[in-house]
Amino acid sequence: MENVNKNRLFLASCLALITTAMTFAIRARLETVFGPEGVGLTLEQIGYAFAPAFFGFTIAMIIGGPLVDLLGIKKITWMAFITHAVGIVLTIMADSMTSLFIATLFVGIGNGFVEAALNPLVASMYPDEKTKMLNRFHVWFPGGIVIGAILGWLTMDVMDLSWQVMVGTLFIPLLIYGFLFVGQKIPVTERVQLGVSNKKMFASVLNPLFLFMVACMFLTAASELGTTQRIESLLKESVAQPLLVLAFINGIMALGRLFAGKVVHKLKPSGMLLYSAIFTFIGLWMLTVTSGGMTFVAAAVFAIGITFFWPTMLGFVAEYLPETGALGLSIMGGAGMFSVSIVLPIMGRLMDGEGGITEALRTMSILPAILIVAFLGLSIYMKKRNKTAEV
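Heads up: the sequence shown begins at 1 in this note's numbering, then just goes up one per residue.
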């Protein structure tokens, strides 16, 4: 990788992911702005208005995955920059469910292009440390949510500024990551480096192990992002500042991902996923029976659970199914985000009903319960596979 400035590209990638993550935190704060006490939308309507953040992400991932190899990582990155910019401007101008839906769609597409381009970039720059470096890269998803949550709290709750000012803070990381990518030489994807044909890449995504991981991605992403995206409504009766709980959860996630290398070495990806599912289930169950200060304890357990889900799912595919290439990573990310677009309105409907918040959390806890069984099976399978490979 001659003339490739890995440090600058990795920093630029992290800032692009910070922009993506900040949109999640700021959107969580916008729930009360556009909700029954603000613009007047029901929680179910907000669920539909926010859904494009996730299915827009999916569309961009599915389109962007194959195009990364065809057009190159650089072009997809600039597509992310443009759609991010358009989405931010439209969000500032939003004043109804329809305008919020359209703005959120552009933001979601921008977020999807970031993942479609930059997960393969990180994997190609660090071929011998994929899971470790993807975890380090994804430090900045929870890290960005912490930044966005604190900025949202400061601008709206402390400084009493308008919600448009809060949304405008997204331009800061956007412009910086755009500047850092300007004029940089960007390597080709790992699949292109390995010389894997398009035919083999498309065939490899029908591998039963890959399809199993896609199915699990539906549940891991919904458990994590379905819950955190609706944190304002879920915890408004439990704590005074739900957005600070969101920052707390994501602070724990950022620290966990920063030191993921040691955990990966001890547990292997399949072991990490099993323990993650167990902690996620316990954390969600605890959130149904706690309030006040104990909410932070429950949130900490939940945070430990979801910390390694997203990057380890991607790392597992990159490490054990490399022939799926950028398409495989895009399908994984797209499946995860699509599942959240389905879950959000369902959660909204549950929360609009009587006793809905507890019911919503209990319903969400079913997902990691299924994952415990699935990842236990995966761990057993991978141990047998490794023993067979050694023989």
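If you're looking for bench data, these hints aren't it; they were derived computationally from the structure.
Wrong hints could be hidden among the right ones.
[Said to hold, decoys possible] With a Cα cut of at most 20 Å, we get these calculated SDA-like pairs of lysine to any residue:
1. K132 to G251
2. K75 to K199
3. K268 to G251
4. K383 to F212
5. K74 to I62
6. K268 to K199
7. K199 to K74
8. K199 to I62
9. K387 to L321
[Stated by the list, open to error] Here are the simulated distance ranges between beta carbons:
10. L154 to G38: 35 to 45 Å
11. P36 to Q164: 13 to 23 Å
12. P127 to G40: 18 to 28 Å
13. Q193 to R349: 45 to 55 Å
14. V4 to G292: 19 to 29 Å
15. L258 to I176: 13 to 23 Å
16. Q241 to L376: 50 to 60 Å
Nothing here was measured: the structure is a model prediction, and the numbers come from that model.
Cβ coordinates follow ideal geometry from the N, Cα and C atoms, glycine included.
Status of each hint after checking the structure:
{"no.": "1", "hint": "K132 to G251", "result": "holds (18 Å)"}
{"no.": "2", "hint": "K75 to K199", "result": "violated (23 Å)"}
{"no.": "3", "hint": "K268 to G251", "result": "violated (23 Å)"}
{"no.": "4", "hint": "K383 to F212", "result": "holds (17 Å)"}
{"no.": "5", "hint": "K74 to I62", "result": "holds (17 Å)"}
{"no.": "6", "hint": "K268 to K199", "result": "violated (30 Å)"}
{"no.": "7", "hint": "K199 to K74", "result": "violated (24 Å)"}
{"no.": "8", "hint": "K199 to I62", "result": "holds (17 Å)"}
{"no.": "9", "hint": "K387 to L321", "result": "holds (18 Å)"}
{"no.": "10", "hint": "L154 to G38: 35 to 45 Å", "result": "violated (19 Å)"}
{"no.": "11", "hint": "P36 to Q164: 13 to 23 Å", "result": "holds (21 Å)"}
{"no.": "12", "hint": "P127 to G40: 18 to 28 Å", "result": "violated (52 Å)"}
{"no.": "13", "hint": "Q193 to R349: 45 to 55 Å", "result": "holds (47 Å)"}
{"no.": "14", "hint": "V4 to G292: 19 to 29 Å", "result": "violated (51 Å)"}
{"no.": "15", "hint": "L258 to I176: 13 to 23 Å", "result": "holds (21 Å)"}
{"no.": "16", "hint": "Q241 to L376: 50 to 60 Å", "result": "violated (37 Å)"}
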